[in-house]
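Engineer: So the chains spell out like this:
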Amino acid sequence: DVKVTQSSRYLVKRTGEKVFLECVQDMDHENMFWYRQDPGLGLRLIYFSYDVKMKEKGDIPEGYSVSREKKERFSLILESASTNQTSMYLCASCPTGLPGNTIYFGEGSWLTVV
Amino acid sequence: GQNIDQPTEMTATEGAIVQINCTYQTSGFNGLFWYQQHAGEAPTFLSYNVLDGLEEKGRFSSFLSRSKGYSYLLLKELQMKDSASYLCAAMEYGNKLVFGAGTILRVKS
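Residue numbers (this note's numbering), protein chains in the order written: chain A, 483 to 596; chain B, 11 to 119.
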C-alpha cells in the first residue's frame, strides 16, 4: 500500500517559532502537495512540487516556504509562526500522468500556534 | 485562477438518494475528483472523471460534463455512515489539484 507519512500528528508552537512539517511518501511519486484545511474553507493549496528541487506557489503561499531536496520528502516551513496559521495541514502525493485514483493523503498534522 | 463551487450543507434521509453538485472554472482541466472526509480524518478517494459521462462504483456514481464545467456525486441507499464532508476537486494542467470548500452531508434516520 502507498503510504504518505506526516511526521507530527499534533503540535503546539509559540508565536514567532520556526516550524517544520515533514511529509514522506514511499511510492516514487513526482508530485507532492501541502494544503491547510479550515472550517468552511475546505482544502486550500499552499505549495506543490512536481519534481525534486521544484516548487510552485499554490493559492495561499504567504507565510510559508517549502523544501524538496529528495523525491520522497516534501517539507513545509513556517518561518515565524503566527496564530492565524493554527490549522490542520495535509500532505498529498501522486504520480505524473493519468492521476486517476492515485492521489494519496497523509493523516494530517494539527498545528496550534499560541 | 480557479473557482470550485458546491453547496455548503445537505440533509437526506437514510435509504434515500442524494445528489451533490459541483461547478468548476479552472486554468486547464485534467480531471475531476470526489473525496469523502469524516471529521478529524484525511480525505479518502471516491471517484475520478476525466471524460464526459457517468462513472458508477457501487452505491456511488459521479458524472462529468466538461463543456458545462459541471459534476455531481450521486449517493444511493444512504446509510448513517455516509454522514461526512464531500469534497470536489479539479486538477489543472501542471498537476495542480484544487478543492472546493466541501459539502457537509447529514443523513438522518
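Keep in mind the hints are simulated off the structure, nothing from the lab.
There's no promise every hint is true.
[Claimed, not checked] Straight-line alpha carbon distances no greater than 30 Å define the calculated BS3-like cross-link-like pairs of lysine-lysine that follow:
(1) A:Lys535 / A:Lys485
(2) A:Lys495 / A:Lys537
(3) B:Lys67 / B:Lys91
(4) B:Lys118 / A:Lys485
(5) A:Lys485 / B:Lys78
(6) A:Lys539 / B:Lys78
Engineer: Against the 30 Å threshold, does the CA-CA distance of Lys495 (chain A) and Lys537 (chain A) hold or violate the hint?
Structural biologist: holds, 26 Å
Engineer: Taking 30 Å as the top limit, are the C-alpha atoms of Lys67 (chain B) and Lys91 (chain B) close enough?
Structural biologist: holds, 17 Å
Engineer: Given the hint that Lys539 (chain A) pairs with Lys78 (chain B), test it: the Cα-Cα distance must not exceed 30 Å.
Structural biologist: Holds: Lys539 (chain A) and Lys78 (chain B) sit about 28 Å apart, inside 30 Å.
Engineer: Hinted pair, alpha-carbon criterion (30 Å max): Lys485 (chain A), Lys78 (chain B). Please report holds or violated.
Structural biologist: violated, 35 Å
Engineer: Straight-line Cα separation of Lys118 (chain B) and Lys485 (chain A) no greater than 30 Å?
Structural biologist: violated, 34 Å
Engineer: Going straight from one Cα to the other, do Lys535 (chain A) and Lys485 (chain A) come out at no more than 30 Å?
Structural biologist: holds, 21 Å
Against the hints set out earlier in the document, violations occur for numbers 4 and 5.
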